[in-house]
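Chains as they are written, first to last, in the working numbering: chain H, 1 to 388; chain S, 1 to 293; chain V, 1 to 617; chain D, 1 to 234.
Any given hint could turn out to be false.
To be verified - Now the stretches of chain H that chain V is said to cover, found in silico as 3 or more residues with beta-carbon under 8 Å: (1) 31–44; (2) 70–79; (3) 141–154; (4) 260–267; (5) 331–338.
What the hints assert, rightly or not - Estimated spans, in silico, between C-beta atoms of each pair: (6) V144(S) / A130(D): 29 to 39 Å; (7) R218(V) / V213(D): 41 to 51 Å; (8) R218(V) / F156(S): 55 to 65 Å; (9) A435(V) / V213(D): 53 to 63 Å.
Treat the hints as calculated values from the structure; they're not laboratory data. Owing to the predicted nature of the structure, the values given are computational and were not obtained by experimental measurement. Where is the CB? At the ideal position from N, CA and C, for every residue including glycine.
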Amino acid sequence: MPRLYRLQRAALCAAVFGIASFSTANAEEIIIGAATAQTGGLAPYDQPALAGLRMSLDELNAKGGLGGKYVVKLLIKDTRSDTAQTATVAQELIDAGAKIMITPCDADASISAGQLTQPAGIPTLTLCGSAPVLTDAVGDVMFGTYPADNVQATAVADFAVSEGKKKVFLLTSPDSTYTANLPEYFGKVFEKKGGAVVGRGTFSMGQPDFSAEITNIKGMADQPDLIMTAAYEPDFPAFIQQLRGAGVTVPVYGADAIGTPTIKALGKLVDGVVYTAAGYAEPGSKLEAFNAAFTKYAGHAPESTYEVNGYEIGLILDQAVKTAGSDDAKAIRDAIAGLKDFQGVTGKITYAGTNRMPLRAVALMRYEGGEGKHVKTLIPDAADVPAP
Amino acid sequence: MFAQQIINAISLGGVYALLALGLAIVFSIVGLINFAHGELMTLSGYALLAALVFGLPFPLAVLVAVSCGALAAVAMERIAFRPMRGASVTSLLLTSFAVSSLLKVVFQNGISARPQAVAMPGWMTGAFSFGDFTIGVGPSISIVVSALALILLETFLRRSVTGTAMRAAAEDFDVVRLMGIPASRIIATAFLLSGLLAGLAAMLWVAQRASVDPLMGFTPVLKAFIAAVVGGLGSLPGAVAGGFLLGIIEVLLQATLPAAIAPYRDAIVLSGVIAVLLLRPQGLIPAVRVQRS
Amino acid sequence: MAAAPDDSKPRNVMPAAFRAATVDALCMVAVLLLMALAAAAFGGAAMQRVVTYAAIMLTAVLGLQIFSGNSGIVSFAQAAFVGIGAYATGILTMPAALQRTALRDLPQFLAGHELSFFAALAVVLALAALVGLLTGTPLLRLTGSSASIATLAMLIIVYTLLVAGREITRGSQPFYGVPREVGLWTAAAVASVALIAARLFRETSFGLATRAAADDERGAAAVGVDQRMARLAAWVAGVIAAMAAGALMAQFLGAFSPRDFYFDLGFTMLAMLIVGGMSSSLGAFAGVIVTIVVIEAVRRFEGGGEVLGLHLPVMFGLTQGVLAIAMILVIWRRPTGLFGERELNLMRMTGSPAVNASTALPRPVSADRLVAEHLTRRYAGVVAVDDVSLSFETDSITGIIGPNGAGKTTLLNMLAGDVQPSAGTVSVGGTVRQASAFRFARSGVARTFQNIRVFPHMTVLENAVVAARQVEPDLGQAEAAAMAELARMGLEKLADQPAARLAYGQRRRLEVARALALRPRFLLLDEPAAGMNAVETAELVAILSAVRVERRIGVVLIEHDMRLVMTLCERIVVIDHGHVIADGTPSEVQNNPAVIAAYLGSRTARAKSAASEEQTA
Amino acid sequence: MLSVEGLKIRYGEVEAVRRVDLTVESGEILALVGANGAGKSSTLGAIAGLVRVAAGKVVFEGVDITGLAPEVVARKGVALVPEGRRIFASLTVADNLRLGGAVHQPAAEARLREEEMLELFPILRRYYRAKGGNLSGGEQQMLAIARALMGKPRMILLDEPSLGLAPQLIDTVFDLIAELRRKGMTILLVEQNVALALEIADRAVVLANGEVVLSGTAKELASSDLVRQAYLGA
């Protein structure tokens, strides 16, 4: 009895103190740690992005692993959308031997994790974080993968100017970096290129009543010829529905977060809405092939562009390991930082010469007849991109 | 323009009133502030989505969704709250938090963390125009539905025996039982009504946002809670008054605050709530309740 | 952090309550430090982070316990104060160079301080006291669920301010670049201080008073407790702990945003406290440890993989699920939490220390006359007391009798300052006083209640100490005096029992002992013998007579037991329908026909008195 | 008709009722008297199902009703008129009455019953549409009794009906109780005013500290020295 008791206690201790260790990596294995939010408020972004990443790693493993050589062991831990938990989990993954770290879409969680990987020299990639300050806040191991907010905003502003727009109304929400800053970046570029910001409005995320703001827009003496917002679900559908319901026909421009099935399902209500995408699935394109493959892999179609972005992270890592020729963390980091014109699913991705937020083409899309139609692809001039 | 904002305010206030009323009915009977009320809305939203995907015509789908909310509320009481009957307000409140977080996890990992589109019929996004003046179909429906729901509920509470018993139970539950009226019937009716109201509010909420997601219940339940408190926790007329008041204040502040101050809107509203509590700790229309020993 | 006891008088011994609390606190600190040591010696970096995080949460949860545990008001705002502490620390410790790029629009007076962690912590603690006073003041006017809801509003307000104040906080964007100097030992040290503070706080006069008011608000006022001041002190102490935890959190995380200090954190802390048990620091301590151990254990399984040879599927959300269910189970099966309401009380377990009863006769608070003039009280049209003028002397026993509903208790309540007269005044020792139960109690008017109002969750000794503390600033002497009163009432053996365990008659006696601990000049008793049997009543009569002789105090009592009234009182006042209908010696009153008719209130009696009038006629 | 055997009631650690035995015969008034805190109201509460019984047995018309829910006890024909009246203050007199007879009779029957009650209590007809809370204390006591009678109980438990009433009103209420008794109602009356209670009761039981200390016919008790000393002040 006493012995059993001791055994039980040992088992409990092991469970509690995490001594139950993961099998250590063998020579042909590379551990990738994913500290991502599978529950909580950030799960809507991290879940699909991680699904894409898993798909690419599965495919790569079938072909012998990263660089054809290192079979990936993906360790996934849930951060519960909590910053402190993200850091803890990241530390555990480091302890478990992760050579590469994947962090959430959320910037502060990613920074917290990055502060641990930076001294360890572990290359760290955020799933879909697009805040431009993200990489500099951590250091040289931190990489963004998604087009940064200011880059997207510049592309949209360039497009707006080319469409002859002169007066813009900016609709922001202080509740997130993305919704607060992206329209403001747009405003900066737009004003620099001769446009004018004629009004500003705000909304609270998650609260679907835009009536007061819309009544204000309607009552403006100087009517804008463009409304720019980074609102997304559930706010964007509510906004556009109420805006058009109130008889306001001013065109609305947004960014990448509204390229989703939910928005598309609004049908003719969103006709004319311009948004950005990392790429577009024209027939015969790689993206279309990916969409089909993902549907087969996951049992449902991609719900956002985060899936393909996650998938591309796998490709980037594969290329970096190939270039590095080893599983050395520093070599991999340097290889990622040196990537130039890497052909992903959605287009070319370049890290060389950037502050590790990738330079990638921004596709401008417009909803027409319930479908997103490609309008133009732009690579913004670096000089135009406003400082973070 | 001003008239338009008033309509906006009434439309939003109506939804808040329905939600606050749902909280208040349950609180007045069993002393539970049900934070999982928001998840009842989410559930109704998913039920609507499922019914539409299944091919039901829109009105029937709405019926199914609202009934789902009502049944889920009754089930929630049976499973989670019944064992706690008689516990303190705080214990019950925390239990409802736990239920709420459990349901969110189930939605996120069982359905999808991403928002799902709900196709609303096209006519719901139209507008009536009277010369310069336009009223959206959405706000109109919202006003009509809230008004109808409030009138029907009032009629039920005034005319029917069960309704009368519920008003009495809010005052003195024990004595209602002494009249031979089963406690379980009163409590089940309270949850049923609260679920119905959550379902109805969910329909109006979803109609505005055209999507459902696992976390969508949080904001409305918070607003409902604030409205119910301002009105007087457990007081049904208070909940309605609080709902409309909150709607009106939010819309008017949104319409009039300069952009630089606008982000502080919620802080201003909530400071108002504290001020109301300081002046009238029992709310605007306090609930009549005997001291239960 | 705990309010320092009054140091104006020299003391040679530490009060027993503090001795016991210190032992408990040091014991918990030892456990905490052992855990930290184990993590440092055997755990990896991740394990150390977990323990560091636990220590930070413990600090914040202890703050919550200081306020909510003692006052019984659940606060949702704790997360907000953690947030304020984190942002303040972030701004104060951020390298100036980084600050210039990250916080371009930071107001000048906040910029470029680059303090070390402990310097920043000192500033944050001072700021916390200010924030606590500022936020606590509006709370004072609210009670029960209104107060809870106001704290919920505060949480949302602070969040909104953090999001909207972009110049200072970067708004909803990540606040980054905070140096990460807080490690395991710093966090453990701060948590240890918080543990000691929380354990000691409940024994300070603020802690005692807050707990008494939470148990029974009117009862607390009757023993002189100014519950607003006490509650404010608890609130400020709670805010200080929260902001200290925030300071740790800032340097632990390095990057954060307002979202990190919102509902999720607030609920987590509340869940920890509720699971452990709200009313003791032991509960907070155990709650944090148990919750974190459960999280750490469960979360290892949710990622799937091989565990003990079993292949587990990926089950994200398992942690939240298990936590939610665990919380429901704890609330359901053990509503007071795993560690109930009791502190460790190690010293009591080992049989020491006894509190010695003081032998010195208490010096009474001076006030020699209690005078009511033209007292009237109306309730919604009903006149309960109508123009009553009475004067009471010390060294006397007066009985107030009258039928049910005659207005006796209302009169007594006005004499005790508990009910505001609609008209008329009450003066104590010659000065007219505004109705305020706790001020009356402190100025020499003590009372008991018809339906006993002892503090059920406090020990018998604590019940009396709360009262003694109001007139005796030295806790050691207050303890001794309280013990003496208990001894007089024959309760000294029960001193360590929670008052809830006392039998009915014992509670009555405790209430009297508690009132006497105030060293009153006047003792107002509302039906002191109600519910007592003949033997108990006789004992009570003996005690009251003795007290009256010993201390020469004025006793005023309402009583239905005629034998008691007639044997004990030298003066009897009869009240009916709010009027004084007779005032005199027992024999005078007993033979007053109006009294018989009114008091007996039945047709027989009225018939009887009519008959006797006929006879005399 | 009703018998209580070895009843024990606890609130937490406090024993409010230690041991109470009593029987009420059909058609009589049994008065339960005693000082504050003697356990009278707790005993009534336990019979009606409002208070948890720690030990003992309550039998009504041969059926064990110990521990049944209050609504079940009410449906078996026992109605409690609680202390302090506890009428529904925000409801009208009409609604108060309606709830009393709501459950176990058809609507038409309930209407007839209500008419009977309005005959018995004319004051209630006058204030039929008034809110219960606006009635005076005596009127509320009438309403509380009428409400209890609406459900056609075979026995009523009256808890302190004289509390807080002016003497004239007490007379009216007690006249009414006597009237009910004449009509064959079985009544268990808890009353602090001993003289009053003994006046209309057939038999009485005296409680002190949760125990029966004395019982007998009302006449016997009224002339008992012990009772006279303790409660009549003689």
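(request) Could you tell me which of the hints above the structure violates, numbers in ascending order? (result) Numbers 3, 4, 5, 7, 8, 9 - these are the hints that the structure violates, sorted from lowest upward.
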